[in-house]
Amino acid sequence: MYEVLMFDGGLYRIRDFYETIDDLGGFIIQENRSQTMITVTMALPDEERGTIEELARQIGGEISDIPLGGTEIAVIGPTLGRHHMPHPICDIAEYMRRFGAITIVMGLARGKGRETAQISSDEKAIINEYDAAIFVLGNFKDCIEKEKSRLYEDIEVPVILVVGPDMDKPDHCEGFVSGVGRKCERMRKTDEIKKLDEIADTVESVIDQHRKELDEDPLFVHPAEIKQRIESLPAVKDNLRPAPIVLHLDGLRVKVPYEDIAQEIASIEIYGRRLDEIADITKSRLGNSTLIKIHSVARVMDQFP
Amino acid sequence: MRIEVESSEGFGGESYEGLFKRIVQDLGIYRNVDEARMIMRPDIPFFLVSVRMRSPSSTSSIGEATELRDAPEGARLTILDENFAPAILRWLWDAYGRDRTDQLSRLELVVKGVKADELRDVEIQSMERQKSQLLDALWRILPEGFKVRHNLTNRSTITLMTTEACMSREWIELAEKVHEEMSNDV
Numbered sequence: 003m004y005e006v007l008m009f010d011g012g013l014y015r016i017r018d019f020y021e022t023i024d025d026l027g028g029f030i031i032q033e034n035r036s037q038t039m040i041t042v043t044m045a046l047p048d049e050e051r052g053t054i055e056e057l058a059r060q061i062g063g064e065i066s067d068i069p070l071g072g073t074e075i076a077v078i079g080p081t082l083g084r085h086h087m088p089h090p091i092c093d094i095a096e097y098m099r100r101f102g103a104i105t106i107v108m109g110l111a112r113g114k115g116r117e118t119a120q121i122s123s124d125e126k127a128i129i130n131e132y133d134a135a136i137f138v139l140g141n142f143k144d145c146i147e148k149e150k151s152r153l154y155e156d157i158e159v160p161v162i163l164v165v166g167p168d169m170d171k172p173d174h175c176e177g178f179v180s181g182v183g184r185k186c187e188r189m190r191k192t193d194e195i196k197k198l199d200e201i202a203d204t205v206e207s208v209i210d211q212h213r214k215e216l217d218e219d220p221l222f223v224h225p226a227e228i229k230q231r232i233e234s235l236p237a238v239k240d241n242l243r244p245a246p247i248v249l250h251l252d253g254l255r256v257k258v259p260y261e262d263i264a265q266e267i268a269s270i271e272i273y274g275r276r277l278d279e280i281a282d283i284t285k286s287r288l289g290n291s292t293l294i295k296i297h298s299v300a301r302v303m304d305q306f307p
Numbered sequence: 004m005r006i007e008v009e010s011s012e013g014f015g016g017e018s019y020e021g022l023f024k025r026i027v028q029d030l031g032i033y034r035n036v037d038e039a040r041m042i043m044r045p046d047i048p049f050f051l052v053s054v055r056m057r058s059p060s061s062t063s064s065i066g067e068a069t070e071l072r073d074a075p076e077g078a079r080l081t082i083l084d085e086n087f088a089p090a091i092l093r094w095l096w097d098a099y100g101r102d103r104t105d106q107l108s109r110l111e112l113v114v115k116g117v118k119a120d121e122l123r124d125v126e127i128q129s130m131e132r133q134k135s136q137l138l139d140a141l142w143r144i145l146p147e148g149f150k151v152r153h154n155l156t157n158r159s160t161i162t163l164m165t166t167e168a169c170m171s172r173e174w175i176e177l178a179e180k181v182h183e184e185m186s187n188d189v
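These protein sequence lines are chains A and B, in that order.
At position 198 of the first sequence (counting the first as 1) the number is 200 in this note's numbering, and the numbers step up by one without a gap.
At position 147 of the second sequence (counting the first as 1) the number is 150 in this note's numbering, and the numbers step up by one without a gap.
Quick caveat, the hints were computed from the structure, so don't treat them as lab data.
Computed from a prediction, not measured in an experiment: that's the story for all the values here.
Glycine included, C-beta positions come from ideal geometry on N, C-alpha and C.
Just to be clear, a hint being listed does not mean it is correct.
Pairs of lysine-lysine, DSSO-like flavour, derived with a Cα cap of 27 Å [as the list claims (entries may be wrong)]:
hint	chain 1	residue 1	chain 2	residue 2
1	A	Lys285	A	Lys239
2	A	Lys171	A	Lys191
3	A	Lys171	A	Lys196
4	B	Lys24	A	Lys191
5	A	Lys126	B	Lys118
6	B	Lys24	B	Lys118
7	A	Lys126	A	Lys239
8	B	Lys150	A	Lys148
9	A	Lys196	B	Lys24
10	A	Lys295	A	Lys285
11	A	Lys171	A	Lys295
12	A	Lys214	A	Lys148
To be clear about the criterion: a stretch of chain A counts as covered by chain B if any three or more of its residues have a C-beta under 8 Å from a C-beta of chain B, and this derived list gives those stretches [to be verified]:
hint	region
13	3-13
14	65-71
Generate the whole structure from the sequences, applying the supplied hints.
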C-alpha cells in the first residue's frame, strides 16, 4: 500500500533524493520550491518509509505524515451566504489542507431553510466526483435530524457530518462531529482548534477505511503513476492553473478541458494497456476538467484477459 | 446589554445568544442595544427577535448636548453629556478639519473661525442611523431560509417574527405581546 509523505528540507542532494524515491517505486506528487528550501509531497510503498527517512536525515531534511495527501475533499454548506461562510466552512476547508488534502468549498443553490432545503441532482453529481464530502450544518437538532438527511443521503462518496448540537450520529454518514454549528468569527480558540483536530481525525479515519476498501480490490495502477505519465503533455505543462493534476484515491482530476486532452491521454500506454482500457475518462461537471477513474485489477483482467 | 433567549433546544439558544453578541460587537452597536429577546422554535418553525435600542437621550443637537458660546477665536463648546463626545468630535473633524478643532480638555472644544449659532442646530446622533445598523445585525442573525416575516417597530424597539411556513395569527399575537413588553420595559 502506498503512503503519502512530505519531505521538508533544502535543495542539497535533492537529485539523489528524487532518484531514491524512483528506485523505491515511489512517485513525486508535488514539489514547492522557495529559494533554497523545498517541500516535496510523495507517494511511497509503506515498507520503504525507513529508507527514505534515513536519507532525509542525512541531507538535513525531515519526513512527516500527511494523512489526507492524495485526496480531494468537498466542504459543503447549505448556501454561500454569510450565515455559513467564511466561518466555519472555510476554516474547516483550510484546516484539512494542513493535513494534505486538496479542498473545495461549495454552497448549495437551494440549501437554505428547514423544510425548504434541497439539493439538486447536478450538485450531487459534482459532490460524487470527490473522495469525501464534509457537510457543515447548523445549530438545531430537530432540524438536522428531521429535515437535513435528504441533503446527503444519496451521496455516493463518504460523508462526514459536522453539526452544532450534541446528538447521536445520524444514518447515511460515515463520520460525525458535533459542537461546531453557526459561527461568525474565525475558529481560533483552543477548544475550536481541538474541534478542527477532531474533524481532521474523523475525516482521516473515514478516508483510511475507504483506502482499505479499495485495497481489497486494488487499482490496476496507482493514480500517481498516471500523473507521472501525463504531466509532461503540453496541454498539462502549459496549464497555468495551480496544481493542474489533483490525485484522488481512485483516480485523478486533470484541470484541462475534456475536449482538449481526452484523446491524447486515452492512448497513453501503461503496463501494455491503453489508459482508456484501464480507466474511465470522463468530462468533469466542474468547469474545464477531466476525470480519470482507474479500474481495479480484477475488472481490467475480466474485460481484457 | 441584557439578552433573554427562549429556545426549545439548549445548544441552539446558547449559540444564538453568542452570535447576537458577536454580530452587534462587529457592527460597533453593542452599546446602542439596551435589551434583546429571542424566541426560537425550530420544531414549529419560527424565530422571533425583539431588540430595544438605548435612546441617545432626548437631546440630539449640538446646542442641546453642549454648552455653546462665542469666544474670540471661534465657537467654544463644553460637552454636557459625555456619551455625545465621540459623535460631536467626529462631526466637527469632518466639517471643519482637525486643524480648526482644538480639544482643550476631555469635554472642552474650540472650533476656530466658527460662530456658535452655526453649530447650535446640528443633529449629532439620530435614531435612524442606529435603526439601520440594527436591522443589518438582525438580517445577519435571522435563520437564512425564514423569508416570511412580520415586522413591528416604534421609536426604540424593533421586533421581527420570521418563519418559512405560513404566518399564523397566534405568532403575530406573540410578536405583538413581546413588542409591547419590550417597548414598555424601560
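Status of the hints after comparison with the structure:
1. Distance hint between Lys285/A and Lys239/A is fulfilled; the C-alpha atoms sit about 19 Å from each other, no more than 27 Å.
2. Proximity of Lys171/A to Lys191/A is assessed by CA-CA distance (about 25 Å); at most 27 Å being required, the pair is judged to hold.
3. Among the hinted pairs, Lys171/A with Lys196/A is consistent with the structure: their alpha-carbon atoms are about 19 Å apart, no more than 27 Å.
4. Under the criterion of a C-alpha separation no larger than 27 Å, the hint pairing Lys24/B with Lys191/A is consistent with the structure, at around 17 Å.
5. Taken as a hint, the Lys126/A and Lys118/B pair is broken in the structure, with Cα atoms around 69 Å apart against an allowance of 27 Å.
6. Restraint check for Lys24/B and Lys118/B: the C-alpha separation of about 42 Å exceeds 27 Å, so the hint is violated.
7. With a C-alpha separation of about 31 Å, the suggested pair Lys126/A and Lys239/A falls outside the 27 Å cut-off, and the hint is violated.
8. For the given pair, Lys150/B sits about 20 Å from Lys148/A by alpha-carbon distance, which is consistent with the 27 Å threshold.
9. Using a Cα cut-off of 27 Å, the hinted pair Lys196/A and Lys24/B holds, with the two alpha carbons roughly 23 Å apart.
10. At roughly 11 Å between alpha-carbon atoms, Lys295/A and Lys285/A fall within 27 Å of each other, so this suggested pair holds.
11. Distance restraint check for Lys171/A and Lys295/A: the Cα-Cα separation of roughly 31 Å exceeds the 27 Å cut-off, and the hinted pair is therefore not satisfied.
12. Using a Cα cut-off of 27 Å, the hinted pair Lys214/A and Lys148/A is violated, with the two alpha carbons roughly 32 Å apart.
13. Interface restraint, the region 3-13 of chain A with chain B: violated (0 residues with C-beta to C-beta distance below 8 Å; minimum three).
14. Figure legend: the region 65-71 of chain A, annotated as covered by chain B; annotation inconsistent (0 residues with Cβ-Cβ distances under 8 Å, at least 3 required).
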